[in-house]
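Enquirer: Residue-level listing of the chains:
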Amino acid sequence: MHDHESFFRDLRRLGVGERLLTRPAQLVAYESDGLTAFRQKPSAVLLADNQDDVIGAIKACHEHHVPFMARGSGTSLSGGSVPIQDGLVIAMNRLNRILDLDPVSRTAVVEPGVINLAVSQAAAEHGLYYAPDPSSGPVCTIGGNVAFNSGGAHCLKYGMTTNHVTGLKIVLPDGEVCQLGSDSLEGDGPDLVGAFIGSEGLWGVALEVTLRLLPKPERFYTLQAAYDSLEKAGTAVAMVIASGLLPGALEIMDRLSMDAAMAAVAAEYSKDAKAVLIVELEGPREEVEAEIPLLRDVIEKSGAYQPILAADEEQRQRIWTGRKSAFSAVGRLSPDFIVQDGVVPRSKLGHALAEIDKFAAQYQMRVANVFHAGDGNLHPLILYDGRQEGELERAEELAGEILRLCIRLGGSITGEHGVGLEKRNYMSEMFSEVDLKFMYQMREALDPRQLANPGKMLPIGTAPALVSHGAHPLEKQGIVSRY
Amino acid sequence: MPPSQVGERPTPESEDQLKELVLKLPYVKAVGGGSKPALSRDATISMAAIRGVVDYLPEEYTISVRAGTPVQEVMATLEEHGQFLPFDPPLSSAGATIGGTVAAGVSGPGRFRYGGVRDFLLGVTFMSGDGRIIHGGGKVVKNAAGFDIPKLMVGGLGAWGLITELTFKVFPRAMETLTAEIETASWADACRLGHELALAPLDLLCLELAPPNKICLRIGGQVSSLQERSERMRRSYGGDSWKQIQPDALMWQDAADFAWAGDTNALVRMAINPKQMELAEATVTQWSRADEVQRRYGVGGNVLWMSGPDEVLGESVPLLVTVLNRPALAIRGTWDVARIGGRPPNVLAERLHSVFDPQRRFVPPKSQMA
Ligand SMILES: Cc1cc2nc3c(=O)[nH]c(=O)nc-3n(C[C@H](O)[C@H](O)[C@H](O)COP(=O)(O)OP(=O)(O)OC[C@H]3O[C@@H](n4cnc5c(N)ncnc54)[C@H](O)[C@@H]3O)c2cc1C
Ligand SMILES: Cc1cc2nc3c(=O)[nH]c(=O)nc-3n(C[C@H](O)[C@H](O)[C@H](O)COP(=O)(O)OP(=O)(O)OC[C@H]3O[C@@H](n4cnc5c(N)ncnc54)[C@H](O)[C@@H]3O)c2cc1C
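Chains A and B supply the protein sequences, listed in that same order.
Heads up: the first sequence is residues 54 to 536, going by the numbering used here.
Heads up: the second sequence is residues 76 to 445, going by the numbering used here.
Note that these hints are calculated values from the structure, not bench results.
There's no promise every hint is true.
DSSO-like mimics (lysine-lysine), calculated; alpha carbons at most 27 Å apart, straight line [what the hints assert, rightly or not]: (1) A:LYS324 to A:LYS411; (2) A:LYS210 to B:LYS214; (3) B:LYS289 to A:LYS269; (4) A:LYS490 to B:LYS94; (5) B:LYS214 to A:LYS285; (6) A:LYS94 to A:LYS210.
Sample of chain B residues facing chain A (criterion: CB under 10 Å; computed from the structure) [unchecked claim]: (7) GLY190; (8) GLY211; (9) ALA249.
For each residue, glycine too, the CB sits at the ideal point set by N, CA and C.
Put together the whole structure using the sequences plus the hints.
Expert: Laid out in structure tokens, this is it:
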């Protein structure tokens, strides 16, 4: 950027005063998204107070050719919210009002800085909830969820963020404001809302989001079963699917994750189990009651032992705490780790896990696995020690092997964490040259100056230096755990 | 390349033939199965020969099909494994194709529970206006890599590309389903009860309202649970008017085929907010020929389907569009443009469209963009 001062002057004209941070000490907190090994200092951070701040800032960026990036809570796991060199970070957290929550249309209109979990909390008085449940739910923002099309443990049945947004107000990279979709569940015309979701900040910034709310299920039934091999747990998933049941969640943890969870939250797993499967049924009470014997039958036949049934909400929470704590717990086993979230066809889960085991042996690194088995979304955690010369690079290489494996098996390099900085170099292995060029052209049509979150998702630009720095501060405090 | 049966349109069988045509014709408009004539009257290419199931993996919950495949064929293939397209694609009996369903962006009654065509579309292959074959999205049930191009095909009315192949997520069908009708004292009561039902944790598959005072709902699940669930709902919501409808499947197939609308009538769709149901009825019932206009409020009141003689709808739909401040989409009947009430130009759409169709071959000569 050539002329900081005239750019800053224009920003200050918006009346942002002290909310424009430019001193290096003020910028430190924004230099990474915490969970990846990337770091970059922005030239300034604007703590936006309202939509006009955001629009005004983007117009100024456009005028002065300054790259910008919106930032929610900075929990991206793919380097998506690492600042742009010499760019502006627009912090969205203060735009955190729920503007409307309507039980009749079952929608909520929220500002993008609203925390994911806050939506369900606000909707609870009407018996409603917001379905997408990333495990970062207590901290991540709806804006970040929209940018990444975030998921959670219930995607198989309920889909991801995109399936729960009906309307958006956005500001394009040149400052033009656009209204997409509406407050109807049904769309009309090309689905621009769906197209914007998952665009990782490259198409501009979301200013208002209309969410669809669902009635909270009346009854849950949660079962945890142990297996003497990962393969058997994988087969059990296939058997549940083949039985015609559609569980709300189907999750698997491997031995390393179990050990970690046991140490962290006193979760209980049998000592010799190599894998544990969690299945959750939900729905009206009569329905769940009728499904229970079917599920138990399948689980019995799958060679499970020691199935634990959650008899009440407390036991259910215990099972989920074990599952949800697994990641941060694994983090304690190692100074650093990388988490991937590639997808494979469900029937190839067993094969994929065996291959990952081989990679781990080959690279002499430990890889833990906790994943959304129902939709084939792996979450391998590669444990490494960033203080050891060359370990980060080896971990990254191993991660690359896993991504290529997912592509080879016909899956995807990311199920929910987004491409960000971290996986952009694998885009050309997943998409053909023609298809990738088409995406570049879409970006070019919307942002010819390449100012909106440049360097993310599409493989171009220079990557910020890789710097290892361990677990996210929130994770260290035990507030969130990685899925 | 044999001419198509309807209207002598060229019917390409391969991507090469398709490309040749796309680059030759000044205006490229696809027709699928002939079920939504108001949208494809001016078609210049038939997609009927680009047809067939490419890949069906029941254990993965995914199916890939060529765009010209009749929806009926897709449904039958899935049925063999007890699976289905949960958005109940409309007009399958009239020969709707899967490509046309996506391009029109229409879903049927099942949309209420799990989502619409947009929610189940995972991947797309299409030809752009400059003759390139582009693949968007993926083939697994979960994927967040790259721009979500498939979404732009949904409701794009063919203006965003000639769709050649589509991949969908599918679900297992409920073991058993049960349908009931409730009659209320008035439309206002029906709306109130409809809202209440939609808000309750009943796991309804479908929820539709039919003026003057009827609600129709469907539940699905295990054989052993349905009667009990239905009994509980009857006690809480139904009262004396609760009536179980059999056979249940036929009734919903009829609903998806608009059997209530009559073949010769025009058919129009409006995406609305459930809160607008009362205003919509209050407006329609004031029309002088209101008794000739049939209405159905689907998806718990999120979509209004309207049917009636061309001349009646032609005059009154634009008025309703103004009152409700929502555009309407013509599905059948004689209309100058498919999108009634139009829509203000959208910058995002315009800029993106320039990539999909740089020469504007997919846009009707004198109309605005889809
Ligand atoms: C412990 C932990 C657990 C996690 N678990 C899950 C999980 O289960 N499932 C899952 O999917 N993800 C998970 N994540 C990843 C992460 O939480 C999600 O990607 C989340 O959506 C990011 O939200 P954020 O507010 O932190 O966004 P940020 O990290 O601040 O930003 C992410 C991206 O969104 C863009 N962005 C932010 N706001 C806007 C806006 N208003 N308009 C346009 N673009 C915007 C940014 O520019 C950036 O590219 C987890 C992360 C952590 C740390
Ligand atoms: C009652 C009735 C009367 C008819 N009368 C006549 C007549 O008088 N003359 C005549 O010539 N034909 C007539 N037809 C046939 C009719 O005009 C078209 O063949 C038919 O409407 C198109 O099929 P469809 O609705 O399935 O289109 P759909 O396939 O449902 O098309 C809907 C939309 O999708 C688009 N589309 C379809 N396939 C694709 C694809 N692969 N890629 C991109 N976009 C796509 C279309 O362009 C259109 O915008 C009639 C049909 C019916 C049902």
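Enquirer: Against each hint, give a clear statement of whether it holds in the structure.
Expert: Here is how each hint holds up against the structure:
1. A:LYS324 to A:LYS411: Judged against 27 Å, a Cα distance of about 24 Å means the pair holds.
2. A:LYS210 to B:LYS214: 17 Å, holds
3. B:LYS289 to A:LYS269: 26 Å, holds
4. A:LYS490 to B:LYS94: Holds, at roughly 19 Å.
5. B:LYS214 to A:LYS285: 25 Å, holds
6. A:LYS94 to A:LYS210: Violated: A:LYS94 and A:LYS210 sit about 40 Å apart, past 27 Å.
7. GLY190: 6 Å, holds
8. GLY211: Where the cut-off is 10 Å and the nearest Cβ of chain A is about 7 Å from B:GLY211, the hint holds.
9. ALA249: 9 Å, holds
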